[in-house]
Every structure is written in C-alpha cells, then in structure tokens.
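Chains as they are written, first to last, in the working numbering: chain A, 1 to 114; chain W, 1 to 114; chain F, 1 to 97; chain X, 1 to 97; chain Z, 1 to 119; chain B, 1 to 119.
Some clues are possibly wrong.
To be verified - In the BS3-like style, the derived pairs of lysine-lysine whose C-alpha atoms are separated by at most 27 Å in a straight line are:
1) F:61 x A:59
2) A:55 x B:49
3) W:55 x B:49
4) W:106 x X:61
Stated by the list, open to error - A few chain B residues that don't get close to chain Z, going by computed Cβ distances all over 12 Å:
5) 10
6) 43
7) 102
If you are wondering where the hints come from, they were derived from the structure by calculation, not from laboratory data.
All residues carry an ideal CB built from backbone N, CA and C; glycine is no exception.
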Amino acid sequence: MHVMRHAPHGTIYTYEGLEMILIMAAYEQDLSVVFIGDGIYSLKKNQDTAGIGIKGFAKTFMALDGYDVEKLYVDRISLEERGLSEDDLVVDVEVVESSRIGELMKEQDVIIHH
Amino acid sequence: MHVMRHAPHGTIYTYEGLEMILIMAAYEQDLSVVFIGDGIYSLKKNQDTAGIGIKGFAKTFMALDGYDVEKLYVDRISLEERGLSEDDLVVDVEVVESSRIGELMKEQDVIIHH
Amino acid sequence: MLHTINKSPFSGDTFDTCIRFFQPGDPVLFIEDGVYAVQNGNKFSEVLAGVLQSNPVYALKPDLDARGISELAAGVATVDYEGFVDLVEEHQVNSWL
Amino acid sequence: MLHTINKSPFSGDTFDTCIRFFQPGDPVLFIEDGVYAVQNGNKFSEVLAGVLQSNPVYALKPDLDARGISELAAGVATVDYEGFVDLVEEHQVNSWL
Amino acid sequence: MKIGILLKEGPYNHQASDTAYKFAEAAIRKGHTVDAVFLYNDGVINVTKLMDPPQDDRQISSRWNELHKEHGVEILACIAASKRRGISDEVLIDGGEITGLGTLTDIAIRNDRLLTFGD
Amino acid sequence: MKIGILLKEGPYNHQASDTAYKFAEAAIRKGHTVDAVFLYNDGVINVTKLMDPPQDDRQISSRWNELHKEHGVEILACIAASKRRGISDEVLIDGGEITGLGTLTDIAIRNDRLLTFGD
Numbered sequence: 001m002h003v004m005r006h007a008p009h010g011t012i013y014t015y016e017g018l019e020m021i022l023i024m025a026a027y028e029q030d031l032s033v034v035f036i037g038d039g040i041y042s043l044k045k046n047q048d049t050a051g052i053g054i055k056g057f058a059k060t061f062m063a064l065d066g067y068d069v070e071k072l073y074v075d076r077i078s079l080e081e082r083g084l085s086e087d088d089l090v091v092d093v094e095v096v097e098s099s100r101i102g103e104l105m106k107e108q109d110v111i112i113h114h
Numbered sequence: 001m002h003v004m005r006h007a008p009h010g011t012i013y014t015y016e017g018l019e020m021i022l023i024m025a026a027y028e029q030d031l032s033v034v035f036i037g038d039g040i041y042s043l044k045k046n047q048d049t050a051g052i053g054i055k056g057f058a059k060t061f062m063a064l065d066g067y068d069v070e071k072l073y074v075d076r077i078s079l080e081e082r083g084l085s086e087d088d089l090v091v092d093v094e095v096v097e098s099s100r101i102g103e104l105m106k107e108q109d110v111i112i113h114h
Numbered sequence: 001m002l003h004t005i006n007k008s009p010f011s012g013d014t015f016d017t018c019i020r021f022f023q024p025g026d027p028v029l030f031i032e033d034g035v036y037a038v039q040n041g042n043k044f045s046e047v048l049a050g051v052l053q054s055n056p057v058y059a060l061k062p063d064l065d066a067r068g069i070s071e072l073a074a075g076v077a078t079v080d081y082e083g084f085v086d087l088v089e090e091h092q093v094n095s096w097l
Numbered sequence: 001m002l003h004t005i006n007k008s009p010f011s012g013d014t015f016d017t018c019i020r021f022f023q024p025g026d027p028v029l030f031i032e033d034g035v036y037a038v039q040n041g042n043k044f045s046e047v048l049a050g051v052l053q054s055n056p057v058y059a060l061k062p063d064l065d066a067r068g069i070s071e072l073a074a075g076v077a078t079v080d081y082e083g084f085v086d087l088v089e090e091h092q093v094n095s096w097l
Numbered sequence: 001m002k003i004g005i006l007l008k009e010g011p012y013n014h015q016a017s018d019t020a021y022k023f024a025e026a027a028i029r030k031g032h033t034v035d036a037v038f039l040y041n042d043g044v045i046n047v048t049k050l051m052d053p054p055q056d057d058r059q060i061s062s063r064w065n066e067l068h069k070e071h072g073v074e075i076l077a078c079i080a081a082s083k084r085r086g087i088s089d090e091v092l093i094d095g096g097e098i099t100g101l102g103t104l105t106d107i108a109i110r111n112d113r114l115l116t117f118g119d
Numbered sequence: 001m002k003i004g005i006l007l008k009e010g011p012y013n014h015q016a017s018d019t020a021y022k023f024a025e026a027a028i029r030k031g032h033t034v035d036a037v038f039l040y041n042d043g044v045i046n047v048t049k050l051m052d053p054p055q056d057d058r059q060i061s062s063r064w065n066e067l068h069k070e071h072g073v074e075i076l077a078c079i080a081a082s083k084r085r086g087i088s089d090e091v092l093i094d095g096g097e098i099t100g101l102g103t104l105t106d107i108a109i110r111n112d113r114l115l116t117f118g119d
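Whenever a hint applies, use it, and build me the whole structure from the sequences.
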C-alpha cells in the first residue's frame with residue numbers, strides 16, 4: 001500500500017511516489033494507493049503548473065487504471081476539511097472512513113508513505 | 001534577527017542556524033535570537049546525544065554571551081504549550097509575549113528563519 | 001513588513017504561528033503550498049476571515065494555478081512573480097518557513 | 001501492526017493523523033522528534049492519555065535522552081534500538097513520516 | 001528476520017539517515033539480516049564519497065560503506081532520484097550501487113519487513 | 001532595489017529553488033539588481049553540475065549558471081554546508097563559488113532586502 005500525504009509541487013514526494021507506484025504496478029504487484037491529508041490535493045482537477053515551471057502529473061493518476069492498481073482510496077475527513085468533494089478530483093476514487101483505511105492498513109505486508 | 005523554529009536533532013536547521021549566528025556575531029553584527037514553537041526545545045537542559053550519535057549543541061547557546069548577541073527571546077505560549085518553564089532551559093532568556101516579538105520583528109532589516 | 005507563508009496550513013504550524021506575530025496592517029503573501037490557506041470554504045476559512053479584517057492578504061497566482069485553486073476566500077488578492085517583487089520593494093520581508 | 005511516528009506533534013500533522021488510523025491494540029513507537037509527544041504535561045497530554053487506553057505506547061530512549069526528555073506520561077515504555085528491532089520482529093510496520 | 005530499509009532523506013539535514021543506520025546496526029547485532037538500504041528522494045545524497053564533515057562528526061557515507069563491507073548490506077540509490085540530485089558513478093562510494101525502482105520491488109518482496117525512514 | 005536571496009533547500013525535492021529562481025527572474029525583469037543567491041543547508045545541492053534530470057524537465061543548476069552569466073548574480077554555496085553534503089569544486093557548476101558564512105553577512109549588509117526560500 002502506498003500512502004500519499006503531501007501536497008503536490010511544494011515538495012517532490014508525491015511525484016516521486018507516483019513514479020515508484022508506476023514501476024511497482026508494472027511488476028504486477030497488487031497494490032492500492034491511499035490519499036490522506038494534503039495528499040488528496042494531488043488529485044485536484046484543473047492544475048496548471050506552467051507558471052511555476054514544474055511538470056504537472058495529476059493526470060498520470062488516471063494511467064493507474066491500466067495497471068494492476070486495485071483501488072484508490074481517499075480519506076473522507078481529509079476531503080471534507082479541505083472543502084472538496086469527489087467531483088473536484090481527476091480520477092474515480094473510493095471515499096472511505098479513516099477506520100476503513102485503518103483496517104486495510106492492518107492487512108498489508110508493506111506500507112510506504114510518500 | 002534569527003528565528004529558531006525547529007526542534008534540535010530531528011533536522012539540522014537549528015544547528016546550522018547556530019553556526020550562522022556565531023559567524024554573524026563575530027562580524028560584530030547586532031543580532032537577536034528568537035525561539036518560537038519547537039525552536040525552544042533546542043534550549044532544553046540535560047540533552048545527551050551520545051545514543052543517537054549526533055553532536056549535541058545546546059551548550060553552544062551559552063557561548064553567545066561572549067559575542068554581541070543582544071538578547072535571546074523565548075515566546076511564552078510556545079514554552080507553556082510544551083509544559084516547560086525558564087528553569088528547563090540552559091541559558092538565561094527573556095520570556096515574552098508573541099505581540100512583543102511581533103513588534104521586534106517589525107523593527108528588523110533582516111530576519112532569517114532557521 | 002511583508003510576511004510570506006509557504007506551508008499548507010493543514011500539515012505544518014507555520015500559518016498558525018505566523019498569525020500570532022504579524023502586526024495589524026502587515027501584508028501577508030501565501031506562496032507554494034501556503035496558497036491552500038486561501039481556498040474558499042476549507043477548515044481555515046474563519047481564521048483567514050479574521051486575518052483579512054486586519055491585514056491585506058495576497059496569494060501567488062502561479063502557485064494557485066498549479067494547484068487548481070480558483071475559488072478564493074473573499075478579499076484575497078492575487079499577484080504574479082512581478083507583483084511579489086513589488087510587495088518586496090514596498091516592505092521589509094519576513095519569510096516564514 | 002507497529003506504527004512509528006517521527007515528527008513533533010506541534011509542528012506537523014503526523015501524530016494527529018496517525019491516531020485516526022491505527023487499530024486498538026496496535027503498538028505505537030515514537031522516534032526522532034516524535035518523542036516530544038510523550039513528555040509529561042504538554043499540550044498533547046490528554047490526547048496521549050486516550051491513546052494509552054487502547055494502545056501500547058513506546059518511545060525510543062536514545063531520542064528521549066538526546067532531547068532531554070526524562071519525565072514521561074504515565075504508561076509510556078521506553079526501548080533502545082534493539083527493543084525497536086524486537087517490536088519490528090513481532091509486527092508488520094507502518095512508518096508514518 | 002530479513003529486513004529491507006527505504007531511506008528517503010539526505011545525510012546530516014535529517015535524522016532519518018542516522019536512525020536507519022542505528023536500527024540496521026542493532027538488527028545485525030541481534031542476528032537478523034539487513035538485506036538492503038534503498039535510497040530514494042534526497043536519500044540518494046547519502047552515498048556521495050565527496051562528503052567531508054567536520055572531524056569530530058560522524059562520516060555518514062563511510063558508515064554505509066562499512067555496513068556493506070562487513071555485513072553484506074546492499075546500498076542502493078534509485079537512478080532517477082540520483083540523476084535529479086547529481087549523484088552518479090563519478091561520486092558514488094565504494095560498495096554503493098545505482099539501480100532502478102524494480103530493485104526496490106524485489107526488496108519489498110523478498111524481505112520479511114520493509115521499514116521506511118524519512119521526513 | 002538590491003536583493004540578496006538565501007536558499008535553504010535542494011533542487012527538485014522542494015519548490016524553494018524554483019520560487020527563488022522565478023522571483024529573481026521577475027526582479028531582474030523589473031530592473032532591480034539581484035546581487036547574490038546564497039545556498040545553505042541542503043540548498044548547496046543546487047550547484048552540482050552532475051545534475052541530470054529527465055529531458056522534459058527543467059535543469060536547475062544550469063538555470064543558476066545562466067543567471068550568473070547573463071545578470072552577474074553571484075551563486076554562492078556555504079562551505080561548511082557543502083562539505084557535509086558532498087558539494088566540492090570537483091562538481092561545482094561554472095559560475096558557482098563555495099565560500100564562508102562571512103559572505104552571507106556581507107550580503108545581508110549591502111542589500112536592501114534579504115529574502116529566504118526554504119522549507
């Protein structure tokens with residue numbers, strides 16, 4: 001399981017995290033991606049990074065569909081605190097309670113926070 | 001004015017900040033140092049870094065006395081939130097209200113956050 | 001004195017800390033991940049409304065665009081990098097990290 | 001599952017976030033700047049007391065010593081690096097950053 | 001137990017590198033196997049041989065080299081992350097290796113635990 | 001107006017480096033003088049010439065070099081911070097210089113503003 005916890009662009013963690021996920025998915029690893037806290041901002045629609053001179057990558061999350069990435073989970077509280085809803089996100093995700101994510105975490109062999 | 005905002009050891013910011021302060025003080029710059037938030041932890045008594053293998057530096061703050069460092073200010077709220085008092089600190093400081101620090105900031109030509 | 005804030009108000013204490021220290025009338029400029037603070041309708045809206053009553057608030061437009069933040073709290077002005085330079089010309093700077 | 005927390009509860013959201021996700025009974029180990037959370041009598045004492053009711057709480061002794069933290073909240077156990085290894089042997093690991 | 005370590009921050013600036021090392025040392029002392037330390041993000045800066053800290057301070061890149069030599073721990077830096085930050089074979093410590101993220105996948109699979117240290 | 005810049009984080013990992021560059025560009029465009037960019041903490045990693053990002057990405061160390069060549073901006077890395085992180089003359093970009101903290105003191109004195117970018 002990969003856990004995205006950083007906003008995009010301010011730091012590289014989410015971007016390099018996504019690079020890692022793409023490779024691991026290509027190795028046909030079953031994997032899930034969880035967005036918690038500022039991590040959900042990386043899925044925000046209408047990001048245009050031209051002005052800051054950094055490559056955007058929100059749309060790359062759509063590519064995960066073509067791999068064996070089972071599920072994208074978004075933490076409901078994180079979304080609500082930020083005044084956002086599913087419609088604000090670039091991909092289909094499953095919005096779930098923190099407790100459900102906690103249960104999923106407990107089932108994992110490997111969890112990597114980005 | 002130098003503003004210390006990071007806890008010691010977890011990151012190098014306060015330590016390298018102190019190195020900067022020592023050099024600037026040697027150039028006979030009038031300077032003050034303000035401790036806000038986790039920055040006050042760098043002044044905590046009885047730090048023993050032997051176990052983590054990193055050089056301790058709390059005592060170096062005492063050396064600032066010998067230079068032209070005018071004042072060490074500690075933000076009262078930051079101290080109280082951490083359950084600490086002046087007695088817990090390695091050096092004499094002036095514990096002041098945030099508003100007083102705000103006024104001092106406003107008088108500065110240069111402020112560097114570490 | 002111009003205060004710049006470059007951290008998300010959700011993940012760090014920079015926003016909460018800075019607003020305890022700035023003086024009424026001091027302009028505040030949100031940059032980088034700091035711009036999430038001015039998005040309309042988030043958890044910090046009330047705190048930001050309080051700031052707006054006493055201080056001019058700016059956000060760096062290229063950083064807003066990069067993050068897809070287009071609905072801003074009422075009263076927040078946007079600047080580009082040249083506007084950032086202008087603010088620096090008018091004020092001494094306190095770059096909060 | 002062992003949860004490690006390496007950030008000060010004051011300056012980041014890791015502590016607040018982690019405690020929303022761990023399951024009752026999961027051990028929590030505070031390391032690096034995370035150990036400030038277990039200092040007795042700080043702003044997070046009540047939250048930590050709540051955690052202690054449902055979960056075993058550990059703090060890495062060398063990190064406590066490095067920071068001069070000797071008065072711990074009641075119920076917090078300390079481990080050295082070898083004790084950290086033992087916890088990792090007993091549990092899968094969730095390293096919160 | 002076989003352990004893999006993922007290290008996501010550079011030396012000196014963050015304690016992550018020190019904690020990862022101290023943990024690896026302790027695990028080896030207790031008879032466990034530390035299979036590999038995989039460096040990602042700024043973590044790749046751990047393996048530059050040009051590192052030259054003050055004499056009374058720890059030498060972080062040498063420590064990784066010793067862990068490799070004495071205990072066979074693979075010290076691996078992600079190639080994409082390394083290129084962004086100017087880590088190449090020219091400056092790589094003895095015993096270090098620059099490799100792809102596929103290797104990390106293998107490390108995750110073949111070990112009992114994967115621990116992350118970072119910031 | 002004469003401006004000094006203090007940059008405290010490395011390239012790519014943090015936006016600080018990009019913002020500092022964009023700010024410097026804009027200031028020069030508006031006729032101001034950017035006197036120097038002083039690199040501290042992980043900021044020193046900005047000036048390794050071994051940096052080799054993907055082709056469709058910005059090349060951060062070259063940007064600093066161009067700022068120096070075209071606009072005379074001094075690009076200075078703190079020597080103590082550089083040594084810890086393996087930045088030496090061997091890998092330094094053209095137009096960069098490794099120097100002491102005394103230089104930063106001069107920069108703070110001789111400029112109208114000192115801005116900090118970091119994390």
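Verification of the hints:
1. For the hint pairing residue 61 of chain F with residue 59 of chain A, the CA-to-CA distance comes to about 21 Å; that is within 27 Å, so the pair holds.
2. Restraint check for residue 55 of chain A and residue 49 of chain B: the C-alpha separation of about 21 Å stays at or below 27 Å, so the hint holds.
3. For the given pair, residue 55 of chain W sits about 31 Å from residue 49 of chain B by alpha-carbon distance, which is inconsistent with the 27 Å threshold.
4. As the CA atoms of residue 106 of chain W and residue 61 of chain X are separated by approximately 41 Å, the hinted pair breaks the 27 Å bound.
5. Here residue 10 of chain B does not stay apart from chain Z, with its beta-carbon only about 6 Å from theirs, under the 12 Å limit.
6. Consistency note on residue 43 of chain B: stated as away from chain Z, yet its beta-carbon is not over 12 Å from all of that chain's, at 10 Å minimum.
7. Interface exclusion of residue 102 of chain B from chain Z stands, the closest Cβ pair being 18 Å apart, more than 12 Å.
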